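Enquirer: Residue strings, one per chain:
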Amino acid sequence: MTAPARAEDFPDLLYSDAERALADSLRSLLADRCAAAEVLARTESAQTYDDALWQAVAADLGLAGLLIPERDGGAGVGYREAAAAAEALGAFVAPVPYLGSAVVATAALLAAGSAEAARLLPKLAGGSLTVALAVPVATAPRSGFPGSVRLCGPRPGDAAAGTSRLRGEVRGVADALPASLLLVPADGVPQGLYLVDMAAGGAAKAPVTSLDMTRQLCDLSFDDAPGTLLASGDAATRAVQAALAAGAAVLAAEQVGLAERCLDMTVAYLKERKQFARPVGSFQALKHRLADVWVEVAQARAASRYAAACLTSGDRDAPVAVALAKAYCSQVAVHAAQECVQLHGGIGFTWEHPAHLYLKRAKADSIAFGTPDAHRAALASLVDLPAP
Amino acid sequence: MLKPDEVRERVRAFLAEHDPAAASREEFLSARFDAGLAWVHYPEGLGGLGASRALQAVVDAEFDAAGAPGIDTNVNPIGRGMAAPTILAYGSDEQQRRWLRGIWTGEEIWCQLFSEPGAGSDLAGLATRAARDGEDWVASGQKVWTSQAHLARWGLLLARTDPDVEKHQGLTYFACDMTAPGVEVRPLRQLTGEAEFNEVFLTDVRIPDRDRIGPVGEGWTVANATLMSERVNIAAARSGPRESGMIGPVAAAWRSRPELRRPALHDRLLALWTEAEVARLGGEMLRQQLAAGKPGPEGSAAKLVFARLNQEISGFEMELVGGDGLRYDDWAMRRPERSSFFGRGPGYRYLRARGNSIEGGTSEILRNIIADRVLGLPREPRPDKDVPWKDLPR
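Here the protein sequences come in this chain order: A and B. The numbering used here applies: residue 2 is where the first sequence begins, and numbers increase by one. The numbering used here applies: residue 861 is where the second sequence begins, and numbers increase by one.
Hint data in this document are derived by calculation from the structure and do not stem from the laboratory. Heads up, a few of these hints could be off.
For the chain B half of the interface with chain A, some residues (derived, Cβ under 10 Å), not all of them [said to hold, decoys possible]:
| # | residue |
| --- | --- |
| 1 | Arg868 |
| 2 | Glu877 |
| 3 | Ala881 |
| 4 | Arg885 |
| 5 | Trp1114 |
| 6 | Leu1141 |
| 7 | Arg1147 |
| 8 | Leu1226 |
Owing to the predicted nature of the structure, the values given are computational and were not obtained by experimental measurement. By construction, the Cβ of each residue, glycine as well, lies at the ideal position given by its N, Cα and C atoms.
From just these sequences and the hints, can you work out the full model?
Expert: Right, dumping it as structure tokens:
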């Protein structure tokens, strides 16, 4: 049966003062350093990720350490703040590896629970280290342990050095391009989560021409790459699952920020743009479409806040909350971005106007960490509405 | 501001002096009102303590725990939800003392005489006239979709007192005694077969000037306060548990009747379940905003969402149950005491839900409100602007 979420034990869904303050300073920094024209130009440059911006938000604003406990050099605040930050980054389609490093890889390391994993946390929290989990970005939580990388035969000296050798490929990984370390789930004995240092050789990244070049994917290949075991067996599975759930939940917050920004841009344009001698925003047919988007954003915010609150407190409703948020917010962000393009008319179809950056990010986000139908399928078993 | 413990202490002190078992229900509720423990966010002397709205739950829980008689929130919803805040904002001291207690205890039921056959979405175009005659006003016209009118002692009446000015300017707001001569209430049968609502015919009804609420010609402003409080009520309503809405019977049917499950319906069911649960969370967020003293405009959103979902889910339920949906439980004309989707069949839910996007502001008007007032989009050109009401085409 479905978990009885009684009205009385609802977590606080509102933003705390601290969350508001974090989002405000992040937004003002992004307004300064992440203008749409620069983001657009960067998508066609050699450096699609903005390393300087990432340093500023990761280290100076402390985004890299939001989920990391204070004893390991982080802020130890949790998913509510992480989600508030993601909303702001989504509003600017900021080309930084926040989701991949500060959320997904960090959640994997925290859940791995080993000393080897914990050793990485201080550098990660300080922003001097960027890490990525080597799974396809389209992987949904609760899917099986990734099996495209396998352990292979050791080389002389490996056993003494505690080194394993990994072979295989992982296609379509997000936020791995700027990462110097990879967390690689690998099949074999033991099945585990391994740390691979790009500098050690044997691992290669091939950039992908991605639908969303503000979060460019890459294909990873491992050819007897040396790896260090971080977690094995159930611990490795838990680490990967925790990472995927964190990714889906925080991505839902990003989708809220993105959708809200699409709405704001469209409202502003429709107040200015005149046809038939009146602002086009005065036509009821268009007003109603924007009102619908506004309603959806308000609902999406509640879903996203609930997921972040459940992850923060470790609520047993968290799996439902995450699936709900990702299934719902994905559609809202895509709808808002599509309306943004359509209601801008011709200018919205140009390369010059940033609407397409939001459309591409929205569509990519809806597929990342589980499509809406995958999350609904998860709900089917979580709330006992089984398939025929 | 009072703290939860202080309020709890007041309830306990009140209960020590007023044994719920010893007094009649009416006496007990009346005393509770006088002690300021009715609606705690109301001012002292008017049933409240001037406390935060969030403390109401604390007070209610204390009374419940003591087994004290409480108010039935299904009784007098218009009185408590719409008349009271309007009277609080615009009524005279004398009116507040005269009416608020009876509203809260449920002794006097109120209804709302706003909509007319010729004035639905365009409420400000209404035609019911009220003309001054000495110390009284004399009102004539027809109102429609009046729930509770057949039970009500008072009606919130919006009437035209000056047809020679622009339509919003010529309205005045009254409390109409529903027992006065010339007030006739007739049931209005709806497409479900029953009659929740009424038509109210006013024929030369005399309304004393002391029952006018707000200044002459300011009726539109007062009426907006009424409509706004309706939306705040939607916001303040506590979300029920998961699956307590329209999705409940559908989910139950899916679980208990495996023979109904079809592959093509499964993802649709999950999508509706998702939307229903998100709407519940949205309602809870809204309630939290209100409790924190930051009422947002999301009340309009909540109503839009629930109307659409109720319609989609009840339509889905009909498909799910297939042939069973072709049997309707009862077309007999009756006067239900309260409107409820439950205890009736899928056909009733499907039909009754059609009204959700019409009653209390159509979904189209709500979208206009969001677009104009929240998003600040430019208004549509208005041919009725700056034209005396009497010269408008109709």
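Enquirer: Does Arg868 of chain B pass the interface check with chain A, least Cβ-Cβ distance below 10 Å?
Expert: Interface hint status for Arg868 of chain B: violated (16 Å vs cutoff 10 Å).
Enquirer: Report holds or violated for the interface hint on Glu877 of chain B, using the least CB-CB distance to chain A and a cut-off of 10 Å.
Expert: violated, 29 Å
Enquirer: Hint check: is the beta carbon of Arg885 of chain B less than 10 Å from a beta carbon of chain A?
Expert: violated, 26 Å
Enquirer: Close enough to count: is the Cβ of Leu1226 of chain B nearer than 10 Å to one in chain A?
Expert: holds, 8 Å
Enquirer: Would the hint on Arg1147 of chain B be counted as holding, given a Cβ-Cβ threshold of 10 Å to chain A?
Expert: holds, 9 Å
Enquirer: With chain A as the partner, please determine if Trp1114 of chain B meets the hint condition of a C-beta pair closer than 10 Å.
Expert: holds, 6 Å
Enquirer: Quick one, is the Ala881 of chain B hint okay against chain A at 10 Å, beta carbons?
Expert: violated, 27 Å
Enquirer: Report holds or violated for the interface hint on Leu1141 of chain B, using the least CB-CB distance to chain A and a cut-off of 10 Å.
Expert: holds, 4 Å
Against the hints set out earlier in the document, violations occur for numbers 1, 2, 3 and 4.
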